[in-house]
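Undergrad: Turn these sequences into a full structure, and let the hints steer you where they fit.
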Amino acid sequence: MRTVSILSELSEEFGAAFVALGLDASDGEVAVSQRPELAQYQCNGALGAAKRAGRNPRELAEAVIAGLPDSSRFSDLSVAGPGFINITLADEVLASYVETIRTGDGVGVMPREAPARMIIDYGGPNVAKELHVGHLRPAVIGESLKRIMRALGNEVIGDVHLGDWGSPQGQLIAELEDRQPDLPYFDAANVGPYPVEPPVAMDDFNEMYPTASNRAATDEEFKERARQATAELQKRRPGYLALWQHFRDVSIDAIKAVYDELGVSFDLWHGESTIAELLDPLIERVLASGVARISEGAVVIDVALPDDKNEIPPLLMAKSDGATLYTTWDVATIQDRVDQFDVAAMIYIVDARQSLHFEQVFRAARRAGIVGEDVLLEHAGNGTVNGADGKPLKTRDGGTPLLRSLIDDAIDRAAQRLAENDLASEYSEEERSEIAHLVGLAALKYGDLQNHRASDYIFDLDRFVSFEGRTGPYLLYSAVRMKSILRKASEQGLTPGVLAPATGEFDRNLMLALLRLPEIVSRAAEHRAPNHIALYAYELAAEFSRFYEHCRILDESDGSTQASWLGLVELCLRQVTFLLDLLVMEVPERM
RNA sequence: GCCCCCGUAGCUCAGUGGACAGAGCAGGAGCCUUCUAAGCUCUUGGCCGAGGGUUCGAAUCCUUCCGGGGGCGCCA
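The opening residue of the first sequence carries number 202 in the working numbering; numbering runs sequentially from there.
One thing to keep in mind: the hints can contain errors.
Stated by the list, open to error - DSSO-like, lysine-lysine: derived pairs with alpha carbons at most 30 Å apart:
no., residue 1, residue 2
1, Lys595, Lys424
2, Lys424, Lys436
3, Lys595, Lys457
4, Lys436, Lys520
5, Lys520, Lys424
6, Lys436, Lys457
7, Lys457, Lys592
None of these hints come from the bench; they were simulated from the model.
TA: Here it is in C-alpha cells:
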C-alpha cells in the first residue's frame, strides 16, 4: 500500500512554499499543534527563516500561505502570534487521509531512513544463574526496540549474548569437583567421551553458585583453584569443556523458559564463549600492530583521545596471568559480528552504568581497525528498577528478586484483582486464568516501558496492576472493547464502511490521533525509546474511549455514519494491536 | 579527585528550541433501566533545584553552584 504520513506530506508542501520564496525546505516542517484548541497542525519555520532573511515573520508566514497550491483543503490556515502558521484540515480531507490507511493493509508507518541490517544485544544473562530483576529492562526494551526497528523495515538480529566464559564458570567447576570428585570431567587423563546426562540441574545452581562465589571471595585456596579452572577451561581442557557445556545447556533451557513467558526471543544465543577462538589471534594482532602495549604485565589498549575532556582509562585486553576478560570478549564480539553479519549497526541495551566500559570497547575496536566508522556502535543504556526507597529493588530479605517471581507476582495480582472486582466471573476457569496471565504481563511490561529507557523507575506492582488510569490493563481493556463492538456489529449484520467526514469533536479527534502513528514510531526508533509508543498507545486508547462514550455506534440511525464509525473502530483496533505488539503485549478476545 | 546521569504538581513520571509546561494516581464534584463503569465529564494543584549566558523564543542548548544516584585497568 501507499503509506501515509500527513505530517510528511504537509511538511513537503510547506517546504516547497518556503523554497519558492528563496528559503530552506526544512523551514516548512509541520508538527502536530501544541494548542489543539487553535489548530490541528502548526508550522513555525517562518520565525527562524524571517530572522535569517531579515524579514518580518508574520509577512513571511502570509507569503508562505499564499504560495500553497490548494488552500481549499484547509478549513483554517492563518498566522498567529509572532508568526506561527496554524493549520486545520477540512473534514473531508481528514477523513480521506484516514480512509487511505483504513483501506490499506498497514497502519500508516513510513520508513524514513534506508532500512539497514543491525544487531541488538539485549540479554546478558549468566550461565548457571537465574534471570533476575536486572534482566527485566534490557529484555522488554530490547524486544520492543527490535520490533520497532523491524516495523520500519530494518533487518534486525537479536542476540542474547550470554555470560558464559568468565570466572564464575571456573568457580562452579571447582565447587563441583569438591562435591563430586569422582565425576569423569575432573580426571585430566580422561579425554572423553563423557556422559550425555548433565550432572546438575538448574536448582543445583541456585545453591551452588552463591556458595562458590562466596568461597572465592573468602577462601584464598579455593579462589586460586577456581582461577586455574577458569584458565584451563579457557584453554579448552576437554573434561572442563564438556562439563561447561552441560552447565550452558541446562541454563539456557531455564533462561529461555522465562524469556518465552515474557514474549522475548532471540535470533542468536551467542555468548562470550562464541568468540573464544578469536581471542589469542586478536591479542597477538593488537600487540604486533602496536595498538596495544604491556602495562604491569597486562595487555592494554590506550583509548584516550587528545580532545577528551575527561580521562578515559586504557582498556584491559588480557590480565597479567594471560586470562581474558569481558572487555576482551566484547571487542572480539564486535569483530565476530562484523565478519559474520555485515551489520550497519550494533546496539547494546545494557545497564547504563556500563557506559564507560562500552566507550572503551568501542574506541578500542575502532583503534584496532576491527570496525570502520561506517558501522554504528551504540550503547543505549537502560536505567534500573528501584524499590519504593529509590534504591535497586530487593526482596524482603535483602536478596535480588528473580524475574520469574516478578512475573508470577504480576499474574497473581491480576487474578486477585479480577476476583475482587468480580470481573470475568462468568467465564470459564481456564479463560479467566488466561486473562489474568495477559493482564499481569501487560501490567508488568507497561509499567516498565512507559518510563524512558535511560530513567530509573520505582517498581510499584499495585500501581501497574491497577485497573484505573495509564496502565497495561487499561490498554488491553480498550482494545477488548473495540473487539466487542465489532463482534456485536457483525452479529447484527453491520459492516465497517467508508470513512465519512467527522460529525463532531470526538470522531474528529480520534482521526487526528490515528494519523500521528508514523512519526511516533519513527521517533521511538530514533531515540531507542519505546516509551514514546507506550504513551501514544495510551493517548490513542483514551481518545477511543472518549469517542466510545459519546458516540453510540450501534444506536446510530444514519447508516453511513454508523458504517463510518465502525470503520474508525476497525482501524483503531488495528493500530492499537500493532502498537501493543511493539510493546510486547497481547490482547485477549474478551475480559 | 575526575567523569557520567538525574533534580518538572502531594506521589509516580512524560515532555522532538516555539504560543498559557502535560499525563496518571491521590484530593474535590458529577455520569451506569450498560455498544463491557477495567470507563467518561468537570475540577484543585507548578517562580520546570538556584544563579548567569546564547536565542526573536529555553524545562529543553552553554556555564557556575546546590542536592541525589552511578562509574573510574587485572569481577562481569
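Undergrad: State for each hint whether it applies.
TA: Hints versus structure:
{"no.": "1", "hint": "Lys595 / Lys424", "verdict": "holds (28 Å)"}
{"no.": "2", "hint": "Lys424 / Lys436", "verdict": "holds (18 Å)"}
{"no.": "3", "hint": "Lys595 / Lys457", "verdict": "holds (23 Å)"}
{"no.": "4", "hint": "Lys436 / Lys520", "verdict": "holds (15 Å)"}
{"no.": "5", "hint": "Lys520 / Lys424", "verdict": "holds (16 Å)"}
{"no.": "6", "hint": "Lys436 / Lys457", "verdict": "holds (28 Å)"}
{"no.": "7", "hint": "Lys457 / Lys592", "verdict": "holds (28 Å)"}
Checked against the numbered hints listed earlier, the structure breaks none of them; every hint is satisfied.
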